[in-house]
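Same order as they appear, the protein sequences are chains A and B.
Residue numbering for the first sequence follows UniProt numbering, beginning at 1 and increasing consecutively.
Residue numbering for the second sequence follows UniProt numbering, beginning at 1 and increasing consecutively.
Rather than coming from a laboratory, the hints here were simulated on the basis of the structure.
Built from N, CA and C at the ideal position, the CB exists for glycine as well.
Be a bit skeptical, because a hint or two may be false.
[Unchecked claim] Listed next, the in silico EDC-like pairs over lysine to aspartate or glutamate satisfying Cα-Cα at most 16 Å (straight line):
1) A/LYS77 with B/GLU288
2) B/LYS2 with A/GLU83
3) A/LYS129 with A/GLU102
4) A/LYS227 with A/GLU270
5) A/LYS24 with A/GLU64
6) A/LYS156 with A/ASP117
[As the list claims (entries may be wrong)] Among the chain A residues that face chain B by a calculated CB cut under 8 Å, a handful are:
7) ALA86
8) SER89
9) THR126
[What the hints assert, rightly or not] Footprint (simulated), chain A over chain B, 3 or more residues, beta carbon under 8 Å:
10) 6–16
11) 97–105
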Amino acid sequence: MSELSVSSEPIVSARGLSKSFGRKQILHSLDFDIPPGRIYGLIGHNGAGKTTTLNAMLGLTSYEGTIRVLGEDPFAKRAKLMENVAFISDVASLPRFLRVRELFALLTNIHPNFSPDKARQFLEGTDIKPEMKIRTLSKGMIAQLHLAVVMAIDAKLLVLDEPTLGLDITYRKRFYRRLLEDYMTEERTLIITTHQVDEIEFMLSDIMFIRDGELILHMQMETVSEKFTQLVANEPEAQAAARAFNPVYEETRFGQTVFIFDGVERDKLEPLGRLSTPTISDLFVALMQRPTANPETAR
Amino acid sequence: MKAFFALVHREFIEHRGAFLIAPLVLVVVVFALTLLAFSVDRLDTRMTGQLSFVVPNWAFEAGFAGLAGGWLAYLGFVLFFYCADGFAADKRNNAMLFWKSMPVTDFKVLLSKIVAALTILPGSVFGVALISLLILFGVTYVTATIAGPGTPELLGTIVGIYGQMAWVFLVVLVCGLLWYLPYMALVGAMGSAVGRWAIPLALLLPTVLSALEWVTLGGIHPFDTHTWHYLTYRSTLPVSEAHLDRVFEGQEPFNSALFVTDFLQKFDWLQVGIGAVFALVVLYLAAEYRRRAPAN
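Isolated chain B, as found in the complex:
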């Protein structure tokens, strides 16, 4: 296991630019812009005006959800490119022969890449996202304190909201990673074989499969087949919206425990299991390809 963890660590070192340094730079830039905006009195009056009449809980929850959603989008983007490019990085970097001289199987190398994509790499973005949210809440609280409404009670409320929302963020992130695991494995496996061409292929493959079903089994058009409907379902994270709808309609306050329980209960765990098996199979096939492909 020591060797496996070292391989996962290697992935982090190789790709920390996209998963740690770039997000940190983004946070620093946005924070610097925020400070600049405050220093020239561009933000303080508007914030004060809104904070004087909106419900603070809703504002903080929405702010957290919005920023966390942005980070999830960023993560999805960089993970897609990581899988398409990172799985072929050893060959592209001309380092394949070096890694082949190590006592680790090709399957273990590829498995370490997908495990990195599920753990340390998104974990790194998650950590930076929490820091950015902490800064957001901190700046908002300081602004509120300067403007008037900031009280110790508000600070306690903010801390509570931060903790609850961070928990929700983590659950959604983990479930999202598990849900999209087969896609990551498929793109990674294709990347192992064809390198960066996996990017257009990943977009083309669903259309080809659906068209194949339409040609062989019939249907109204290539985008109205069982394959297409299944892929559409499998591409959308199944979020339980019952509680969220009531929150948006103002019927009840956001309750993280209720949301998480409802989310986990209605999550399609069977599909997650099928996806995990699919991921292992395509990784095994990619490892066999990598084992046989010329290393030099």
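One chain only, chain A, in its complex shape:
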């Protein structure tokens, strides 16, 4: 499934990555490489295995198979790895008993790559003050503070697992803009999961779709636009002709029928209706359909 041209040592490399909780297998032998300098979107339903995959990368859970992050086994070398990896798995996880200045002072001593000056700089223009206790901050302010903390860490890999969960649209937009403008460089790699895929589409360089613990799509965004085509066809004859090209998805919206095709040349589809590149959320819906709405009973 991977169509990446790996130009240098991958930041993350997984081979046969599997994970079970009791008898229930969560990850089914995943193979993937994540090269440096990319922004990856890891997308899937609730319970698809996104967080488990990230936890395996971050050394937060044991696993079967092999995974190397910056050349290290994350479960065996988590502490060492965290010198070059930063992550937000839950914006509510900042220690609430600390004041902001106490947090920065502790991190200065605990994390060799943390810069308190950078963190303070990232907080300029916000309502967060050094004397404030974290427990008194609003959810949005805590997210801003957490982002300032991770952006002040000179890391090679940043992992964000639902970093904007529960935040309003203003905070979410500001969060991603800050991340892109102030943090991302060619040397840094970002992996992000979110359910609000449309909000991060503009910044992604690659996407990975995960369904029921299996990687069903791993692709550069440029390739997505080359490979997948969305067709809106109104006439019954055009719709019938479109079906002959085996669309991966078909849906009728407000009287219009929308098809999504995988690997069909645009020249052949052009006469049938209006063509476009599907958005990530359209592609997600197209490729992630389940036999039923309930994933448990579908297995």
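The hints should help you fit chain B onto chain A, whose structure is shown.
For chain B alone, coordinates are given in the frame of chain A:
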């Protein structure tokens, strides 16, 4: 080491309520009550009456020992709850993922907690205790001065007693912490795994172990086994009482150097060593559990 000290400091910040603020509030309240009692003439005559015929040294030494004993009891209480609750605080506070994102091992985090329980946290209570004892001695001296018997010689005696008793207090405190280290580590390790359930488990575990020996190896009853006798011995601080007995019987005055020398010589250092090894082992096991347990 910088990171380790920062982790120990973190423990102090998180638990300063129990180990610094609450003791300070207690001291301020008691001091305010004392001043109030004096201001309404409730204490001055009785103090004056006693000070006119008791031996001042004995009164000050006993007063120091009594109050220091109270502070040791307080410390034992809060340390027990710190170990049972503080070792699981990262998970309870939903901050586990944040600390896991730091370049420190789980073993180092747990080690910092037990080191805090041996150093900065009891040190904080010790500091407040010394302040409270200073206030006690100060109030007593001022009262004695107002009543009559207070002289510069008495002040010199009080200062000497304070210094000697503070030294004794420190030695007993340090030895006590070392003696009870395996208990603290065990409760902390259980706390890492089961959170606050470590509190009832810590009380239940000795009984279960003793009952296990009684069931498998026999004995009169579950509380008359080798395990129970060992745990009973290991639960009691081995204080040398030879000198203290002579002091209480009025045969000789209290001598801090003699007491400390005798105390340290008769202290069971082998058990302290065994306890330290045991503490490291259970902390390692707890760290491995914490490493494998789901963080979110």
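Against the structure, the hints come out as follows:
no. : hint                   : in the structure
1   : A/LYS77 with B/GLU288  : holds (13 Å)
2   : B/LYS2 with A/GLU83    : holds (15 Å)
3   : A/LYS129 with A/GLU102 : holds (12 Å)
4   : A/LYS227 with A/GLU270 : holds (15 Å)
5   : A/LYS24 with A/GLU64   : holds (14 Å)
6   : A/LYS156 with A/ASP117 : violated (19 Å)
7   : ALA86                  : holds (7 Å)
8   : SER89                  : holds (5 Å)
9   : THR126                 : violated (19 Å)
10  : 6–16                   : holds (count 6)
11  : 97–105                 : holds (count 9)
The structure fails hints 6, 9 (numbered hints given earlier, in ascending order).
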